[in-house]
Each structure stands twice: as C-alpha cells, then as structure tokens.
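Could you build all of it, start to finish, from the sequences and the hints given here?
Top to bottom, those sequences are chains A and B. 454 is the number that this note's numbering gives to position 253 of the first sequence; each next residue is one higher, with no gaps. 99 is the number that this note's numbering gives to position 80 of the second sequence; each next residue is one higher, with no gaps.
Note that these hints are calculated values from the structure, not bench results. Computed from a predicted structure; not experimentally measured. A portion of the hints provided could be inaccurate.
Said to hold, decoys possible - Cross-link-like lysine to aspartate or glutamate pairs, in silico, EDC-like; alpha carbons within 16 Å at most:
#1 36/B to 404/A
#2 407/A to 80/B
#3 36/B to 413/A
#4 27/B to 416/A
#5 548/A to 413/A
#6 422/A to 42/B
Claimed, not checked - Ranges of calculated distance between the beta carbons of each label pair, as one might list FRET restraints:
#7 427/A to 69/B: 42 to 52 Å
#8 253/A to 35/B: 29 to 39 Å
#9 30/B to 394/A: 14 to 24 Å
#10 22/B to 326/A: 33 to 43 Å
#11 420/A to 105/B: 45 to 55 Å
#12 69/B to 557/A: 48 to 58 Å
#13 427/A to 35/B: 34 to 44 Å
#14 312/A to 78/B: 20 to 30 Å
#15 508/A to 37/B: 28 to 38 Å
Glycine residues also receive a C-beta, built at the ideal position from the N, C-alpha and C atoms.
So you can see what is in the structure, the chains are spelled out below.
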Amino acid sequence: MAVVAKTGNEAMAEAMRQINPDVVAAYPITPATEIVMIFAQFVADGLVDTNYIPVESEHSAMSACVGAATTGARVMTGTSSQGLALMYEILPIASGLRLPIIMCDVNRAISAPINIHCDHSDTMAARDFGWIQIFSENAQEAYDNLLQAVRIAEDPRVLLPTMVTTDGFIISHGMERMEMLEDAQVKEYVGEKKPAYSILDLENPKTIGALDFTDYYFEHKMPLVQAMKDSKQVILEVGRDFGNKFGREYGFFEKYKMDDAELVMVALGSTCGTAKVAIDELREQGIKAGLLKIRVFRPFAAEEIAKELAGKKAVAVMDRSDSYNTQGGPVFTEVRSALYGTSNAPKMINYIYGLGGRDINVPQLKSVFTDLSKIDKMPEINYLGVRE
Amino acid sequence: MSKLMGWKELPPCDQLKASTAEEFETGDWRLGEKPVWHPETCIQCLICWISCPDSAITVKDQKMTGIDLKHCKGCGICARECPTKSKSITMERDK
Ligand code: SF4
Ligand code: SF4
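Below, the structure written as structure tokens:
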C-alpha cells in the first residue's frame with residue numbers, strides 16, 4: 202500500500218492500469234478526458250496489455266465496448282455529460298446482453314446551456330438503462346469503487362455493466378491524499394475474467410441479441426430485473442470483502458452520525474464531504490443532525506434506506522439534478538417512494554442544488570438543517586442557491 | 020406453434036444458437052410473385068446468387084441448382100439481374 206496525492210481522474214486511471222483490462226474504447230470529453238488520456242499513456246508506455254481503441258465518438262466507444270465484451274474480454278471506458286448522452290442508445294444494449302463493461306463516469310451538467318461543471322443530470326438520465334451506478338465522495342472512493350466494480354459486474358449472479366461516478370472537477374480535478382494498493386494486490390483481487398460466453402468460441406457458434414417480437418421481448422427483459430435484484434447481495438459481499446482485505450468497508454450507503462440523528466440529510470457524491478463538516482458544526486450546537494450518503498443508486502436499496510430513515514423527525518433529500526417532472530429530483534422520488542406505506546415514515550422535503558457546478562457550501566447545508574427544524578412550514582421542493 | 024418458453028427457461032445473456040434465421044421461413048413474406056428458374060437457358064454465371072439479398076439461390080459444387088422458396092421473399096432482383104436474353108429467371112404468379 203502507498204499513500205499518494207491524486208486527483209479523482211488520476212485515481213481512476215491508476216485503478217484502470219492496475220486492473221489491466223483487455224480492451225478500452227474511449228473518446229475524450231471534459232472533465233473525464235484525463236482518465237483515458239492518462240490511460241492511453243500507460244498503453245503507449247507498455248505498462249498494460251490493453252488493446253486501446255481510439256474511436257470517433259462516444260457512440261462508437263460504447264459500441265466498440267459492446268463488441269469487445271461479447272468476445273469475453275474485460276472492457277472499460279470513461280466519459281461524461283454529452284459523451285454519456287451520446288452513449289445512451291448503446292447503454293441498454295450492454296445491459297440487455299449482460300455485458301459487464303466498467304465505465305468511469307464523471308458527473309457533469311448536460312446542455313443547454315453548455316456547461317462543463319458538475320451536476321448529476323447526465324448520470325441520472327441513464328438510471329433506467331440497467332447499469333449498476335455507484336457514486337463516490339472523493340478520489341479514494343472512486344479508486345476503491347472502480348476496483349469493486351469489476352468484482353460486482355463480473356459476478357455470475359450479476360453480469361451487469363457498471364458505472365462508477367465522480368463529481369466533475371470537484372473530485373475529478375481535486376487532488377487528495379489517498380491510499381493505493383500494490384499492483385500485485387489488485388491483480389489478485391480482480392483475478393482473471395471468467396466470461397459467461399464468447400462469440401469467438403467457434404466450437405459453439407451463437408447468435409447474440411437477436412430480434413424479439415411481442416412473444417419474447419418481455420421474457421428477455423426479466424433476467425435483467427432478476428440480476429439487478431441479485432446484485433444487491435453481491436454488492437454487499439464485495440464491499441465487506443474489500444473491507445476485510447484492505448480496511449475500507451463499503452455498503453449501499455454510509456451512515457454519518459445517524460444513530461441518534463433527528464434531522465437527516467440524504468445526499469450522494471462530493472456534497473457529502475461538505476455535509477459532514479456542516480453536521481459536525483451543528484452537533485457542537487447540540488443539534489442532532491445526520492447524513493445518509495447513498496453510494497449505490499442502481500440498484501436502489503429501497504428497503505434498507507427506508508429502515509434507516511424510519512422514525513427520524515425530518516429528512517432533506519439533496520438532488521444535484523432535476524427531473525423537471527414537478528415532483529422533485531430523482532433521488533427524492535426514489536427515497537420517498539421507498540418510504541411509501543412504511544410505518545414511521547419521516548416528513549421529507551427535497552432540495553435541488555448545485556446545477557451546472559454551482560457551489561454548495563457549509564452555511565447553505567446548515568441552512569437546510571435549520572429548514573428541517575421547521576419542516577411543516579417548508580415547501581416540498583426547494584431550489585437551493587439559485588437567484589430569483 | 021411450439022410452446023413458448025418462460026423467462027426462467029431462456030438461455031442466459033440473450034444467447035441463441037447460431038443460424039436461427041434459417042428456421043425463419045421468410046418465404047411467407049412473398050406478395051403474389053415468385054421467381055421461376057429455367058435451367059435450359061441458364062449460363063451458370065451466378066449473378067442471381069450474388070445478388071439475392073436472402074441467400075435463396077441454392078448452389079452446389081459451384082453450380083446454381085434452384086431457388087429456395089422457403090426463404091425467397093420474392094423481391095425479383097434475381098430475375099432483373101439475370102443477364103441471359105430470354106431471362107433464365109422470371110417472376111410468375113405465386114400460389
Ligand atoms: S426473388 Fe429476390 S429473394 Fe427470391 S430468389 Fe430472387 S433475389 Fe432472392
Ligand atoms: S443469373 Fe440467370 S444465367 Fe446466371 S446463374 Fe442465375 S439464372 Fe443462371
């Protein structure tokens with residue numbers, strides 16, 4: 202193990218180097234460019250055995266990933282925002298064919314207006330494409346999550362493509378202290394890929410992704426439903442095992458001062474670091490504030506989250522994107538739906554914040570807890586940090 | 020029709036055995052006309068074979084042997100492309 206200073210992008214590129222995937226197909230886009238740029242240098246320097254495919258668009262990148270993955274190869278890519286949007290057509294093909302492709306996804310606002318900074322609108326728009334989605338609070342988590350993503354995605358009970366996200370610039374370009382495993386440790390940890398099938402298996406020729414009409418399409422989507430359900434157990438097992446091996450345990454979420462908390466914030470990504478500082482300051486004033494940091498957004502750990510929030514006085518769900526649906530952001534609608542029909546459900550409000558990289562700071566997050574103490578007077582959906 | 024499989028019976032990862040298109044009889048799709056081969060004038064140029072979009076021209080030992088009407092969609096390309104003056108494939112009334 203080595204203690205190093207790395208940006209989120211460097212951390213992800215280093216993880217990719219240590220994973221040493223068979224194929225990487227990628228196209229550059231701010232703020233994810235560095236990940237595949239640094240990795241391309243690793244390829245040029247002969248530090249990995251990867252077949253690197255520079256393509257002419259993200260649509261091609263994901264298409265090449267799908268093609269490569271059907272041969273049984275371990276495949277990775279990286280993208281962000283408009284690049285992810287250009288992949289949307291192919292994302293459900295990857296999950297429909299059960300190809301465990303791993304993606305480094307740097308959260309960035311989507312146009313218009315054009316913007317290169319962080320929000321979660323790109324990733325949230327991809328939430329219903331059958332990909333596992335794991336959010337990271339910092340560079341260390343981005344690194345750890347990416348290593349675990351290989352084990353989760355390739356587990357025969359799962360076989361789902363997986364994206365690990367960081368927050369654009371905040372994590373991707375912020376340099377932090379982090380711990381890196383030795384190359385040999387990662388090599389052993391991720392192991393050799395044991396693919397479910399390979400189209401290059403000439404002894405057993407196959408048709409992949411054939412046409413389904415009204416008689417079979419529905420049946421072919423059901424294993425995806427089941428795999429998402431089954432992935433929950435695998436995510437927990439992998440997170441626990443990672444903790445046993447390397448000292449940092451992971452689950453669906455992290456609880457910060459939740460045990461006796463009365464006022465709870467639910468958030469994901471880098472904002473959680475800021476929220477922890479806000480909570481520490483509030484605790485000094487005797488306010489029982491806590492944080493539920495969602496790490497895994499797909500699958501959504503509804504039951505487990507509902508259990509953590511039951512009996513709390515008031516909950517604020519933080520969304521760094523809007524669904525433009527008039528009833529709150531994607532995290533809010535999921536969390537509230539998780540609590541529907543449960544006993545002891547807390548009062549709950551939503552904050553849409555930080556769109557297009559708008560700064561979110563400690564005083565603002567403290568003000569959310571002040572709002573929570575008078576939740577009956579609060580509107581259900583609030584926009585935090587926007588000028589009227 | 021054979022019994023439809025439930026989702027738990029399907030092969031994993033949306034795999035099927037290869038060449039399932041062969042089992043799908045696209046000959047059903049013909050609308051009124053079918054190609055008829057006239058071997059007596061055929062010069063075995065195989066232009067019909069290379070032109071057919073459905074691999075419905077059957078060939079054995081590099082010789083054209085006929086038309087597979089189970090898969091021929093009746094597009095008429097073979098008849099149009101056949102270079103013999105009298106046309107060694109003609110489109111005629113089906114059924
Ligand atoms: S009619 Fe069309 S499909 Fe049928 S044999 Fe000729 S070219 Fe092929
Ligand atoms: S194109 Fe006409 S002449 Fe040539 S092989 Fe076919 S039927 Fe015979």
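Status of the hints after comparison with the structure:
1. A hinted pair counts as satisfied when its Cα atoms are at most 16 Å apart, and residue 36/B with residue 404/A qualifies at roughly 11 Å.
2. For the given pair, residue 407/A sits about 27 Å from residue 80/B by alpha-carbon distance, which is inconsistent with the 16 Å threshold.
3. Note on residue 36/B and residue 413/A: the hinted pairing holds, with a Cα-Cα distance of about 14 Å set against a maximum of 16 Å.
4. About 15 Å separates the Cα atoms of residue 27/B and residue 416/A, which keeps this hinted pair within 16 Å; it holds.
5. Note on residue 548/A and residue 413/A: the hinted pairing is violated, with a Cα-Cα distance of about 45 Å set against a maximum of 16 Å.
6. Only pairs whose Cα atoms come within 16 Å are accepted, and residue 422/A paired with residue 42/B is rejected, the gap being roughly 23 Å.
7. Taking 42 to 52 Å as the suggested C-beta distance range, the pair residue 427/A and residue 69/B conforms, at roughly 46 Å.
8. Checked against the given bound of 29 to 39 Å, the beta carbons of residue 253/A and residue 35/B, roughly 32 Å apart, stay inside it.
9. Hint check: residue 30/B to residue 394/A, Cβ distance near 20 Å, so the stated range 14 to 24 Å holds.
10. Hint check: residue 22/B to residue 326/A, Cβ distance near 40 Å, so the stated range 33 to 43 Å holds.
11. Range check, residue 420/A to residue 105/B: Cβ separation about 51 Å, and the 45 to 55 Å hint holds.
12. At roughly 56 Å, the beta-carbon separation of residue 69/B and residue 557/A lies within the given 48 to 58 Å, and the hint holds.
13. Restraint check, residue 427/A to residue 35/B: a C-beta distance of roughly 19 Å breaks the suggested window 34 to 44 Å.
14. Hint check: residue 312/A to residue 78/B, Cβ distance near 54 Å, so the stated range 20 to 30 Å is violated.
15. Distance hint check: the CB atoms of residue 508/A and residue 37/B are about 48 Å apart, inconsistent with the given range 28 to 38 Å.
Violated hints, listed in ascending order, are 2, 5, 6, 13, 14, 15; each of the other numbered hints is respected by the structure.
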